[in-house]
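Sequences and hints are given; from them, build the entire structure.
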Amino acid sequence: MLRRHEAPLVEPGTKSLGIVVPGNWNPAIFSPAWLYSQELISAEDLEGSQPDLIAPGVATFHLPWALCEVTQERLHVACVDEVEFLRVRDLVLGILRALAHTPIAALGINISVHLKINSEVGWHRIGDSLVPKTAWEGVLKLPGTRSVTVLGVRPDDEAGQIQVTVEPSQRLTMGVFVQQNDHFSLKPAASQIVDRSDFTNLEAVYFDPIAPSNELIPYALEILSKQFDGSIARANQVFDMISKLATDG
Amino acid sequence: MVELYPNNGVTLTSEQFSVPVSERLPSSSLRAWADRATPASFVDVRTGADRMDLTSTGIEQSETRLVRPEDSHHRRYVGRVQLDNSRIRVTDRFEGVVTQVEDGFFQASLGDSGGDLDLTAEFALDKVSAPDLELVEPGAPFFVIVGRLTLRGGHASTVTSLMFRRLGRLNASDVDFHRERGAKYRSLLGFDDA
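Chains as they are written, first to last, in our numbering: chain A, 52 to 300; chain B, 800 to 993.
No wet-lab data here; the hints were simulated from the structure. Owing to the predicted nature of the structure, the values given are computational and were not obtained by experimental measurement. Beta carbons: idealized from backbone N, C-alpha and C, even for Gly. A couple of the hints might just be wrong.
[As the list claims (entries may be wrong)] One-sided excerpt, in silico: chain A residues whose CB lies under 10 Å from chain B:
#1 G69
#2 V71
#3 D208
#4 G211
Shown next, in the form of structure tokens:
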């Protein structure tokens, strides 16, 4: 007997990527035409681009495969198609090379996904696994997980951290939004945290701002070239782990 | 992350607020826009940068914080979640360099990101997308992206895409850097002695 195709318990939506570079940027020079002049996009990309807002202090425009947002405080290039991840990475590499005198302060590789959970039980399992509700019984009526952010020590020798945020998707019914923020402070870690007791001084350890400097650009280029695949692999591990919670709890 | 809420604590809906702002811009820029379009006392704007649980590179994309989902660019950008029944999931990737261009095809050396693979391959030029054709010349770097295309109903097939890299124009310091590096390798390999 033929069986109808059954939807899997967890269906991943398209992944999105955002690369963020905080620093002291000059939005006035950013436009699709400038990217084309730097040979970072094609003529077709230029023709298909669409400005959203070009104003003093802000430049926001779409390429056919990416979104560029530039303010005086940061550069953000993003896409919502996994096939375009490398193109976005190369675009940021090209921008950093072309603007080698721009002071930058950090680098973030953000990868996110919306997971569609085809079971209400499975959907609740994810929230309850990450935040058990036992402690909340008697305090809150029907406690539910709204947002969870978990911080992790970098697995390499770089300063920075990895944060994963999980929350109910606002775009999918019974969906879960998962985002990994792979944050690089653009300097080698003096020493990585090896003990949870170090978390008692969380702010000093993790939120140690670095002064923007153009001398950090070669460092950022190397990180983006060499660590990009690892960042994606880590995010995929996270997405798989969260997906499994719907089944295993 | 951006949350807009009037001072009386009632959350604004997108219909009530019509300033074309971005959810991912710093609060200072958002406030400036909000101030121009609405009474300054009416709206507070908060971004992810204001939150201690986000890093300076962290971005919140949850749609509840979208200011104007109906007609902002975010609607086109992130407003629609497509599931895998119409999308490609990347399963593998190779890095290539064009070694020779012939009539109707090109040869390239291919490797994987781990450096464990080294092979030569031929690709028909009609597999290259039109905007990238101008880039096909000896030395041009490209990616071969292999993906799994799953269609509605569960049908699936493997698809391959060639993506030529656009690394930007070389400036004088780039040229100097590569010249120096070339000279170094030349010396290391003993070509100078010969």
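Query - Violated hints - listed by number, lowest first - result: Hint 3 is the one this structure does not satisfy, whereas the remaining hints hold.
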